[in-house]
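In the order they appear, the protein sequences are chains A and B. Read in order, the letters of the first sequence correspond to residues 115 to 707 in this note's numbering. Read in order, the letters of the second sequence correspond to residues 51 to 424 in this note's numbering.
It cannot be assumed that every hint is accurate.
Pairs of lysine to aspartate or glutamate residues, derived as DMTMM-like cross-links and limited to a Cα-Cα distance of at most 25 Å, are as follows [unchecked claim]:
| id | chain 1 | residue 1 | chain 2 | residue 2 |
| --- | --- | --- | --- | --- |
| 1 | A | Lys398 | A | Glu414 |
| 2 | B | Lys53 | A | Asp234 |
| 3 | B | Lys53 | A | Glu414 |
Read the hints as simulated data drawn from the structure, not as lab findings.
What follows is the residue order along each chain.
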Amino acid sequence: MNPVETASETSSALTFRSVGKSFLAGQRRISALRNVSLDLSGGVTALIGPDGAGKTTLLRLAAGLLLPDDGSIESFGLNTANAGDSLHRLTGYMPQRFGLYEDLSILENLNLYADLHGMDRGERQQRFDDLMRMTGLAKFNERLAGRLSGGMKQKLGLACTLINRPRLLLLDEPSVGVDPVSRRELWRIIETLARDFAATVLLSTAYMDEAERCDRVILLNQGSILRQGSPAEFHSLTAGRGFKLSSPVLSNRIIQQRADGLPGTIDAVVQGEAVRVILRPDAKPDWQACFSEADRLQSESASPRLEDAFIMLLLEQRPLEKMPAPICVIETESKAALSTTHQPPIIEVDAVDRWFGDFQAVKKLSFQVSQGEIFGLLGANGAGKTTTFRMLCGLLPVSNGKLSVAGVDLRRAAAKARSRLGYMSQKFSLYGQLSVRQNLEFFSHAYGLRNRQRQQRISWALQQFDLQEFADTNSTDLALGYKQRLALACALMHEPAILFLDEPTSGIDPLARREFWTRINQLAGQGVTILVTTHFMEEAEYCDRLLIMREGDILAAGTPAEIKRLGSQPARAPADNMEEAFIRLVETSEAAT
Amino acid sequence: MTKSSRQRLKGLIRKEFLQVLRDPSSLAIAFVMPVFLLLLFGYGVSLDAKHVPVGLVVEHTSPTSRAFTAGFDHSDYFQSYYFNDMHAARQALHDKHIDAIVYLQTDFDRRLAGSEPAAIQVILDGVDANNARLLNGYIQGVWQNWLNDRAERRGQRPALAVQLQPRIWYNSALRSRNFLVPGLIAVIMTLIGALLTALVVAREWERGTMEALIATPVSVREVLLGKLIPYYLLGMGGMLLAIAMAVWLFKVPLLGSLWVLLVCGSLFMLVALGMGLLISIAAKNQFVAGQIAIIITFLPAFILSGFLFNIDSMPAAVQAFTYLVAARYFVAILQTVFLAGNIWAIIVPNALALLLMALIFLGLALWRAPRRLE
């Protein structure tokens, strides 16, 4: 026990020295980490990087759950290869799914972890009280962990990890699938720990705004550290190269498409009222190439953010991998420039209720979606998004109310309506053992396409989604981004008029997410109506209109700009981003009840 | 064992019991399946031939033939059906209305009276070979009885110079339930020890709780004991339940002593747990773990243990293989202790075999258990 305590006073919390780690996958050896060196003591460090970059492996190595093949790892001066118990006493590790026993109540979970850490009864009560106060779980003590919302599970997982007051806290994607309000509470806890208890925190995240709040950021790509430093250091990489473009006559979507076509552009995304463009170091902000006088383009410089550097550094790594063919076309403009609200509604939801036993999942929901619109359905887990979605797809009947999709009443002819819609779920629903081509063949069969038409659509899909190279690869072996492309292609085989996307980008890195949205924008430009659910508040910016749900009710509806204004009191300025707006809306509605 | 180690173990065991009680699938494997199997084998399955439909074709009815057929009418083993001609009887056999035909020709009486031997034709449906053999024996028994009776009535000595006087020991009523139910205890304990254990450990891997466990100061030994102890208790509970049902519900005699059963049961439970833990080390997902457990533990316990099928009548290669099936040793002990009593010559070698297997499997589990994630 003694060496542990003395060690923890003098050495840094975590040191990696040229660490390498590889795994056997079938016959091949895959290198998960290569020559990783880092040194952490104190503060909060974010581990970011695309999917499959090695974030989880790095955290498991730090927790001593894996041993390095090359190099060495020390935590408080203890080598993870032989420290064993003493290491586990100093570190707390929360795996991706929180490591909770779902059949056990909150209190039983806490008691189990207290037992495992050898905490005695007297000491325990005080610690539980502290943790419960910190996480706000006290009143749910007896509830089974499996019945908690994502946010509460996450807080309980954290409480279990914190029981032994770890000096080094390792969290693997702690905020995935958690609503913005819980996410903010989690951060409050993490920052308190780092500040008041001098704990060292290392966490992986897919959210750039979370990384932005950390003292230090490590960007990992394909097993190597691409760069590490403070967020400010990352900002300096793209300083002076970010611009916000807007125009009173062009839709943001058109601006984005055109800006993306400029040779000097690294990245162009819709952000709030404007399009955010990042240029290459050598490029000049010369917008004339793609915009005319008549467009009345306004340009102002944008303050740098971490995501810019992230995209830039990653693109430098894979220069060959190009975003989908940049579009700088005029032909879809006339259509998209039209205000979408003047189009006839293609989805009509009128006072729809849905009951499950005596639980009302959806309460008197009404909204309309016009043709060619990108319509977002947002909300925390359990808000009723999925239920609404299933009813719209004709997979679940409504309890009361009227629902029509593409002019067909879903109560009467659900099958007919379904033939006009495409559906892509979060889990992609691909057949892993079938090749890309076979998956496409299967789905075109399922949608009843005939011989020649089928061949045409398959070659269209392979070409359009750059899948030719992988046509004979089993879909389970594809990288996540490619799986997602294939899933989208499958949903589009029968040229549906409406596309339903259920959390299409969860777990996908910003690069793949951008590519995906570029395609979705193109589809919308061609008149396809798109309905999307997401918990990435930032993605709400890509939508034409949104509906935010809470407990089966509408919390807010409108364009992203309207929603941001809605969330604020008259005296306050509109919310900076969707997430802020969402939190404000929730707080207002809670204050009202 | 240190104080903190004891506390960790207690925590793990408490958790395990809470999980079993709250998870319907664990409850089903631990409690519902055993009761269901016991009821099925106690009441539903019988290897005895009883009320077997037999067709009797008597071409010329006479007091002699009537005396012969009365043997079928009054037997518990048969349900007799009379046919006027062979054609109808053949059709009935063909349609599976009857399982056998006994045919007495017109000249049965005349031949019996004369010097020529009288012929009885027996035709058996041999699809179920076992049943056909049983039936053949029973029919011969009827014929034998009738011959003896007839000889006695005439004041003659029985026709046979040597007469068989069978006495049945150990299960004198020849109820198949009496050996099925004790054998079933081995199957039930395999279910809890191997299948349930393999599933719950695989579930911990699937849900990521194992990852969280390994990251605490808990040791591999504690994790293994934390599984062993609860499922050992559960398995022994299943065994006591099965013994109680066997003795009180199905009236199976328990001639040996309970403590012998419990000691040998414990040994077998350790073997089953060892197999379950080994499987869960190889298969970290519930579906695969369940499949493997069924194929390498449950099915052999059912088929190759001597519980349903006699090991001695299996082909030599299969017989050799049954030595690897732990349930074989336990079934031998169970059937002996229930129906014959404490016969040490059978109990001791089988128990030693179980002990050896328990040491091997548990040793392997402890040796192969992952200390880290790979």
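Evaluated hints:
1. A:Lys398 to A:Glu414: Holds, at roughly 13 Å.
2. B:Lys53 to A:Asp234: With a Cα-Cα distance of about 10 Å, the restraint between Lys53 (chain B) and Asp234 (chain A) holds, given a limit of 25 Å.
3. B:Lys53 to A:Glu414: It is violated: about 67 Å lies between the C-alpha atoms, which goes past 25 Å.
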